[in-house]
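Novice: Residue numbers (my numbering), protein chains in the order written: chain A, 208 to 307; chain B, 466 to 849.
Hints are not guaranteed to be accurate.
[Said to hold, decoys possible] Straight-line Cα separation of at most 25 Å, DSS-like style, residue types lysine-lysine; simulated pairs: (1) K763(B) x K257(A); (2) K599(B) x K257(A); (3) K253(A) x K742(B); (4) K805(B) x K587(B); (5) K715(B) x K301(A).
[Said to hold, decoys possible] Just a few of them, taken from the derived set where beta-carbon distance is under 7 Å, the chain A residues facing chain B: (6) K226; (7) F228; (8) R272; (9) I275; (10) T287.
Hint data in this document are derived by calculation from the structure and do not stem from the laboratory.
All C-beta atoms, glycine included, are put in the ideal place defined by N, C-alpha and C.
Given next are the chains, with one letter for each unit.
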Amino acid sequence: MVKTTKNTSDHLAKTVEEKLFLIKFCPDTESHVTVNQDICMLCKGKECTKFCPANVFAWSAINNRLVIGYENCLECGLCTIGCPYGSIQYNHPKDSFGRN
Amino acid sequence: MSKTNNSEVIIVGAGPAGLSAAKVLADTGIKTLVLEKTKKCSSKNFFSGIISEEPLKEIFTNFCDHSNGKIMAPFERFVDQYRAYILQEDSFTSFNVQNNKQNSYIVLREQFNSWLLKEAQKAGAQVITGTAAKELIISNGKVSGVKTDSEEFFANVVIISEGVNSVLTKSSGLRVGELRSNQIFTFVEENISLSSGVIEERFNLSPFNGISAKLFTQAMLGMPSIGYIYTNHNSISLGIGILFSELISKGINPNECLEKLKEHSCIKPLITNGTTKNYCSYILPAPSLKSQNDKSLKLFSNGCLLIGGAALIIDIFSWDVSTLAILSGKAAAQTIIRAKELNDYSAKTLAHYLPLVNELHEIPLQDDNLNMLNNFNESILQRK
Chain A
208 MVKTTKNTSD
218 HLAKTVEEKL
228 FLIKFCPDTE
238 SHVTVNQDIC
248 MLCKGKECTK
258 FCPANVFAWS
268 AINNRLVIGY
278 ENCLECGLCT
288 IGCPYGSIQY
298 NHPKDSFGRN
Chain B
466 MSKTNNSEVI
476 IVGAGPAGLS
486 AAKVLADTGI
496 KTLVLEKTKK
506 CSSKNFFSGI
516 ISEEPLKEIF
526 TNFCDHSNGK
536 IMAPFERFVD
546 QYRAYILQED
556 SFTSFNVQNN
566 KQNSYIVLRE
576 QFNSWLLKEA
586 QKAGAQVITG
596 TAAKELIISN
606 GKVSGVKTDS
616 EEFFANVVII
626 SEGVNSVLTK
636 SSGLRVGELR
646 SNQIFTFVEE
656 NISLSSGVIE
666 ERFNLSPFNG
676 ISAKLFTQAM
686 LGMPSIGYIY
696 TNHNSISLGI
706 GILFSELISK
716 GINPNECLEK
726 LKEHSCIKPL
736 ITNGTTKNYC
746 SYILPAPSLK
756 SQNDKSLKLF
766 SNGCLLIGGA
776 ALIIDIFSWD
786 VSTLAILSGK
796 AAAQTIIRAK
806 ELNDYSAKTL
816 AHYLPLVNEL
826 HEIPLQDDNL
836 NMLNNFNESI
846 LQRK
């Protein structure tokens, strides 16, 4: 059997998920990012699901709501600026929570 | 909720701007409290940057040991060369500007900010980390302190130095409305480890010398954008910023732009065999948005001053982004020292901050190389 040798010389991460895996987070039990689901439901572009550098936002078609993976938030504040309808509210994570 | 009222000035955010203000204030014996939301002052949103000796060493006098000239602040490498890369779809041009002055340094901000913090503490400033300021306390139309999750802190003046993503600025009413997507660049940065020998070979550097490079990526990405490379001691920081409105309209994730950059024939050989160690994201104001012209942002109110990124006093295209922020911290401290002499912390006295800030935008840098390079940046970006 030919054993596939893992290319150990190159460990450059490519995807957002691979990069987030390298970061130490200390997530709170509740989200510091909140949205108005009524607005998100009507939003056609769902821009936040594309531009967030940590892929925090995902649209769940089954539940018809926006899922917020706040645990991975890089705390840049892009989301409140990028949402065309002002649906996203950003607060800093509570004391000592968030990215460490 | 416990109340603490033993400082004259509260500074929210322990970045270069806030700590510069803290140091100047503490040096004159003003009781200063710095609140920082991260545990270790770890500057989570940027990893690497360039620090110019001027004006920092005037504020942080221990920056170098005056008896032997040794630099005491933790730095990665001297900036030996400034380099500009102009990237096309599948080709590139570059040029170097040699810096023989040893007057600027590549720093990793986590270590560097920790050093600034210790120096501010030595001067007498009190620092509390792991504490997020949630809102301003306003009584009788005057800012009189800040609230955290568990405490209230009172002071004569509050300086907001939270950076561009400033929650307090919005809640205080100093900023009316959100920044718009065509007013900001969104940055992503990756830290890639490589041995110091490999870095020196690939960039043609002597030990302890480094490169600060700007990447003009407009033609490559087809969007207003700017990238950068800093060679740290044994890692490379590679980042790119894109005009946010363009990114939204094209439906692209900023990480895709960073990956495209990493695959470019100019960049790929520089990072090959490296290991990604970290990733971060932050925003900077676009150059068209000069805070003094931005009517929706006020830099002061009764008992409150904005500095650094929170005041949008940051020049995105300059080679040393933090210099203006540091100078704005110093200007705020000088304003408060004057207010203390008059025992008046109202907007009327704090308004003296404005001419000081406006001057910052007027004064050319003391370094001819940087002036030339900054002019180059502006002209190339205006050509589109």
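Novice: Given a cut of 7 Å on the nearest C-beta pair, is the interface hint for F228(A) held or broken against chain B?
Specialist: Violated, about 9 Å.
Novice: Starting from K805(B), check that the Cα of K587(B) is at most 25 Å away, please.
Specialist: Cα-Cα ~22 Å, so holds.
Novice: Quick one, are K763(B) and K257(A) close enough, alpha carbons at most 25 Å?
Specialist: violated, 32 Å
Novice: Below or equal to 25 Å on CA atoms is what counts here, so check K715(B) against K301(A).
Specialist: violated, 34 Å
Novice: A closest beta-carbon separation below 7 Å is what the hint needs, so does R272(A) meet it against chain B?
Specialist: violated, 21 Å
Novice: Sort out whether K257(A) lies within 25 Å of K599(B), counting only the CA atoms.
Specialist: violated, 29 Å
Novice: Was the hint right that K226(A) lines chain B, CB cutoff 7 Å?
Specialist: It holds, given that the least Cβ distance between K226(A) and chain B is near 4 Å, below 7 Å.
Novice: Given T287(A) as an interface hint, is its Cβ closer than 7 Å to any Cβ of chain B?
Specialist: Check passed: Cβ of T287(A) comes within 6 Å of chain B, closer than 7 Å.
Novice: Using 7 Å as the Cβ threshold, decide whether I275(A) counts as touching chain B.
Specialist: At about 16 Å, which exceeds the 7 Å cut-off, the nearest Cβ of chain B leaves the hint on I275(A) violated.
Novice: Holds or violated: are the alpha carbons of K253(A) and K742(B) at most 25 Å from each other?
Specialist: violated, 31 Å
Of the numbered hints listed earlier, those contradicted by the structure are 1, 2, 3, 5, 7, 8, 9.
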